[in-house]
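The listed protein sequences correspond, in order, to chains C, U, V, Y and W. Sequential numbering from 1 applies to the first sequence in the working numbering. Sequential numbering from 1 applies to the second sequence in the working numbering. Sequential numbering from 1 applies to the third sequence in the working numbering. Sequential numbering from 1 applies to the fourth sequence in the working numbering. Sequential numbering from 1 applies to the fifth sequence in the working numbering.
Don't take every hint at face value.
Identical copies go unnamed one by one, so any copy, or any two together, can satisfy a pair.
Think about it this way: if two alpha-carbon atoms lie no more than 20 Å apart in a straight line, the pair counts; the simulated SDA-like pairs of lysine to any residue are [said to hold, decoys possible]:
| id | residue 1 | residue 2 |
| --- | --- | --- |
| 1 | Lys85 | Glu120 |
| 2 | Lys47 | Asp35 |
| 3 | Lys134 | Leu155 |
| 4 | Lys134 | Leu148 |
| 5 | Lys203 | Ser105 |
| 6 | Lys12 | Arg117 |
| 7 | Lys85 | Asn64 |
| 8 | Lys47 | Ile100 |
| 9 | Lys12 | Pro88 |
| 10 | Lys85 | Ser147 |
| 11 | Lys185 | Asp35 |
| 12 | Lys242 | Tyr83 |
| 13 | Lys203 | Glu131 |
| 14 | Lys214 | Leu181 |
| 15 | Lys214 | Gly183 |
| 16 | Lys130 | Glu153 |
| 17 | Lys214 | Asn38 |
| 18 | Lys47 | Glu152 |
Simulated from the structure, these hints should not be mistaken for laboratory data.
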Amino acid sequence: MINLSNLTRDGKMFMLAYDQGLEHGPVDFNEFSVDPQNILEVGASAKVTCFALHKGIAEKYYTNSSYSKSIPLILKMNGKTSYVKDIPYSPLLATVDEAIELGASAVGYTVYVGSPRQDEMFREFGSLVKEAHKKNLPVVAWMYPRSLQITEETLDVTAYAARIGLELGADIVKLKPHTDLEGMKWIVKCAGKAQVVWQGGTKTTEQEFLDQVKIDIESGGMGIAVGRNVWQSENPNDICKKVSTIIWSE
Amino acid sequence: MINLSNLTRDGKMFMLAYDQGLEHGPVDFNEFSVDPQNILEVGASAKVTCFALHKGIAEKYYTNSSYSKSIPLILKMNGKTSYVKDIPYSPLLATVDEAIELGASAVGYTVYVGSPRQDEMFREFGSLVKEAHKKNLPVVAWMYPRSLQITEETLDVTAYAARIGLELGADIVKLKPHTDLEGMKWIVKCAGKAQVVWQGGTKTTEQEFLDQVKIDIESGGMGIAVGRNVWQSENPNDICKKVSTIIWSE
Amino acid sequence: MINLSNLTRDGKMFMLAYDQGLEHGPVDFNEFSVDPQNILEVGASAKVTCFALHKGIAEKYYTNSSYSKSIPLILKMNGKTSYVKDIPYSPLLATVDEAIELGASAVGYTVYVGSPRQDEMFREFGSLVKEAHKKNLPVVAWMYPRSLQITEETLDVTAYAARIGLELGADIVKLKPHTDLEGMKWIVKCAGKAQVVWQGGTKTTEQEFLDQVKIDIESGGMGIAVGRNVWQSENPNDICKKVSTIIWSE
Amino acid sequence: MINLSNLTRDGKMFMLAYDQGLEHGPVDFNEFSVDPQNILEVGASAKVTCFALHKGIAEKYYTNSSYSKSIPLILKMNGKTSYVKDIPYSPLLATVDEAIELGASAVGYTVYVGSPRQDEMFREFGSLVKEAHKKNLPVVAWMYPRSLQITEETLDVTAYAARIGLELGADIVKLKPHTDLEGMKWIVKCAGKAQVVWQGGTKTTEQEFLDQVKIDIESGGMGIAVGRNVWQSENPNDICKKVSTIIWSE
Amino acid sequence: MINLSNLTRDGKMFMLAYDQGLEHGPVDFNEFSVDPQNILEVGASAKVTCFALHKGIAEKYYTNSSYSKSIPLILKMNGKTSYVKDIPYSPLLATVDEAIELGASAVGYTVYVGSPRQDEMFREFGSLVKEAHKKNLPVVAWMYPRSLQITEETLDVTAYAARIGLELGADIVKLKPHTDLEGMKWIVKCAGKAQVVWQGGTKTTEQEFLDQVKIDIESGGMGIAVGRNVWQSENPNDICKKVSTIIWSE
């Protein structure tokens, strides 16, 4: 089994995701968060356990920086823009060899479960797992159900997404959290030995966000992946501290 | 000719299939069957002659386990989710080299006969046969007729599916059983030197299931592949014993 | 120029085609003809000059058999089922290296002339010619016009098909025969140095069949390719003898 | 810059094109012209400066013949039939290595400018230029505008086609001639250092044909490519002589 | 980080773009500008800091010329014609190795952001970045938003395009300028460490053009890329001088 200790602390993950510049565009940013340097600094101060970045950001801001010595990188291997809607598909942008050269400790890939182009992503993901595991790199699967048949991401849908990640060979599955704790625990069971990381999603109130993080950790998941709820916050360092307290003190 | 003795006992096969987590999702599972470890334990106790697993489950639960020493593995090489309906196609998720590294003794591939994307699966299956036979690995073809022209899988349709498997180079064809014994025998003849394994299908009553297994064996088929009728049963060990009695005592 | 003497006797070809199990299904077979062993035996007794088989049949019945020493094999490299109708395309199922390992003396490929997917078959056929000629293997082109624009395969259509075979690099073109002898001779001229083999087609009365074979040979074609008119006959050996008499005594 | 002297005499080209058997079919042929041998003989007698042939004709009639010592070959690398109409695309049928083995001195490729599949042809043409130039083989581009937006091939359309050939890396562009001499000169300027060869087109009267050849040469083009106006003529040798007089005496 | 000093002077870029012959056709040209030699001469006299050319023009006019010693080349790697409208896609025409052999100092690639075929361009661009950076070649991304959802290229749209270039690994992004200086500065921030070069666009009056260049430089962009506003001008040398004054004296 692939070792995940490099990406975690005491077995828990606090991932700072910063791939939104490609996935959503600068509408997510302000004068502070538009600069990758600022986000890396936030993550380093907060001692997050890993970053998730696209290759352009990695190469120009992370690879030869001091951050590359303190915080491990999950290189996002595929990506798309918000202009792609009806038939979601996210093409590969990098190879495992590139990931290693950029200093990545793991690779990430988004699977749009249920998309009419699911087959292409399954094939590419299968190939990515093969290449990454050959080099002992963990594979993190962003499992996003998107289908005309899926009008709402219910617990059952997320549970299926979790299981697909396990069956396809993911080491970590990034999933949408729910508020039903028992349902969350069933999802974690469906993921089996693939570890669950719950996504942060769009910006909410601090209290709502922290309440969800508590459920996330209680569910048995390995941790959380946060972006906008950190760097769209007025005090990113403060919110990071509160999140860390929940993750490591519970 | 590829040697099948590794996958059989006294020339008969009892395959325990556990690829439903990907193909159908956790709706097939309960608290017991959701855990791959439990299913492997059932199979080992029942001395099934082989498992069929996807690569993620194989890598995390089978490859370095004690099960890999007692029960041979058929690695399912392609897979899809239940969200794919109208134009069934199941992409390749692994290579023959990966199968060997995971400890597989054979490879499995699903062909959706009659699908508008049949051509792609034929091509990939042809390539898989080439690679597997080069390494002396048997190829098991899951032959599933799916076409707008096929409103019902009649005996004739299954017979055609059986023959296609033979013509394309399969060593074993997994087929839908029928209740007409003479028809079953004709299907076995159409498959020629490709051995027939009858699928178990959805959960039925124990009696219905065992009656069908008797016909399956009487037809001249090499054996059966079962999943849900075993691990959705209240007593999996018990039903496995009854199946074994039919297979090896008749 | 590729040497064709291996596939012919006194410059004439009598090909026994047995690819119908894939192309049409078991509906073409009875208890006798469903078994490839029986067909190979018919061909060997009748001293046909070559077999045409798909790779699955070749590997399991021909390659290490006594037939491989007496009757040369044309390996059919692509194939499809009768479920494929509107946009005919037949994918590659094997490589030239596989053909050689299976003991083939030539390779065969079906081109659906005029199909919306003609381009893919042209490209694959071009590549097949390159690989086969590198290894001194003749290439036999099954030239089947199939197009919404082609409502009937007239003499002109067959003549075009013959010429396409020549231009693309085929050594032998398998074509639909006509009853007009002068038209048949023009088709042979259009094929130029590519040799013409006339197909047998669906089962007709013995007399009709033999009358056509006479025209086939008189046209200047190199020979015939027969399947159903031999092995759907009540006396395959007898009809083979009559065919041989026409081919070699005229 | 690629040297074109091998394909020309005193800097002028007289190409005899004989790819119509594939592109149009035997409807273009009579008892004389259906035989490639006859056409090669016409070309040799007339001392044309090069032939354009598909690989099947090249391999069986040219490569090891005496013609290969006297008349250089442009191997047509892609081709289609007249059944392909709405979305013209012509797939690659050969590689540069094959062209060299067949004794070719240059390679030819048809680009259907404006076709919805233009992108595929641009990519393949780009790759062909790379491979051919690596081996010092000139590349001749058959530039054929075909688009729903192009209802008529005006001077502007041909000028654009000429320029595209230059920009993509062609050494010679084969274009449709016009009767407006000034327009023809502008087209030649648009082609820049890519040399222009004007196509012959469908059979016209001898006088019309020769009048056009005069304009072709006067325009500054490097020469002409003729097929049907030569070998559909009642006296091919005679018409070739008249063409040569125009090309080399003006 | 890739070094851009070769393509700039005192950190500023003045690119002369001449890829319009392929992208728009000869309608952009007059008797002067149709000849690539003239444009190269204009650029050399004006001491622009780099040219952008397609491979055909590069090979025949630049590579072994004196210009290749004084002005660096950005090889445009993909291209299309103006016939491609609804679903913009621009295929790769060359490889990084070809670019190097042609003497290029950088490679350029057009991404049609928001196109239904965006995925193919993202994948190809990702691969191009990998190959180019391996050889220390900068990558210039022509970022052109084109989508049914994008009826107008607003500031927000250009800002997203800029960011996409950064995220995908571009070293320089070529963008549409706006007249709103603050908006331009935000775009430059979104591009981060990817340098912004503003495109010249269609021919306007000299005053309008120069006013825009002033804003371009003031925005913090690295420079401009001009084509038609230079070589469609009555006095290309004069306008180049004025542009240089703005770029290097502000």
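Do the hints match the structure? See the list:
1. Lys85 with Glu120: both (17 Å within a copy, 16 Å between copies)
2. Lys47 with Asp35: So Lys47 and Asp35 pass the 20 Å test inside one copy only (19 Å; across, 34 Å).
3. Lys134 with Leu155: Cα proximity of Lys134 and Leu155: none, with 33 Å in one copy and 45 Å across.
4. Lys134 with Leu148: This pair counts as neither: shortest intra-copy Cα distance 36 Å, inter-copy 41 Å.
5. Lys203 with Ser105: For Lys203 and Ser105, neither the intra-copy (28 Å) nor the inter-copy (44 Å) Cα distance is at most 20 Å.
6. Lys12 with Arg117: Classified as neither: same-chain Cα gap 33 Å, cross-chain 39 Å, threshold 20 Å.
7. Lys85 with Asn64: neither (35 Å within a copy, 42 Å between copies)
8. Lys47 with Ile100: neither (22 Å within a copy, 41 Å between copies)
9. Lys12 with Pro88: neither (31 Å within a copy, 39 Å between copies)
10. Lys85 with Ser147: both (11 Å within a copy, 12 Å between copies)
11. Lys185 with Asp35: between (37 Å within a copy, 13 Å between copies)
12. Lys242 with Tyr83: neither (35 Å within a copy, 39 Å between copies)
13. Lys203 with Glu131: neither (35 Å within a copy, 38 Å between copies)
14. Lys214 with Leu181: Within one copy only: 10 Å inside a chain, 46 Å across chains, cut-off 20 Å.
15. Lys214 with Gly183: Result: close within a single copy only, 15 Å intra versus 41 Å inter.
16. Lys130 with Glu153: Neither way: Lys130 and Glu153 sit 29 Å apart in one copy and 36 Å across, limit 20 Å.
17. Lys214 with Asn38: Neither: 27 Å inside a copy, 30 Å across copies.
18. Lys47 with Glu152: For Lys47 and Glu152, neither the intra-copy (35 Å) nor the inter-copy (43 Å) Cα distance is at most 20 Å.
Going down the numbered hints, you'll see the structure goes against 3, 4, 5, 6, 7, 8, 9, 12, 13, 16, 17 and 18, while the others check out.
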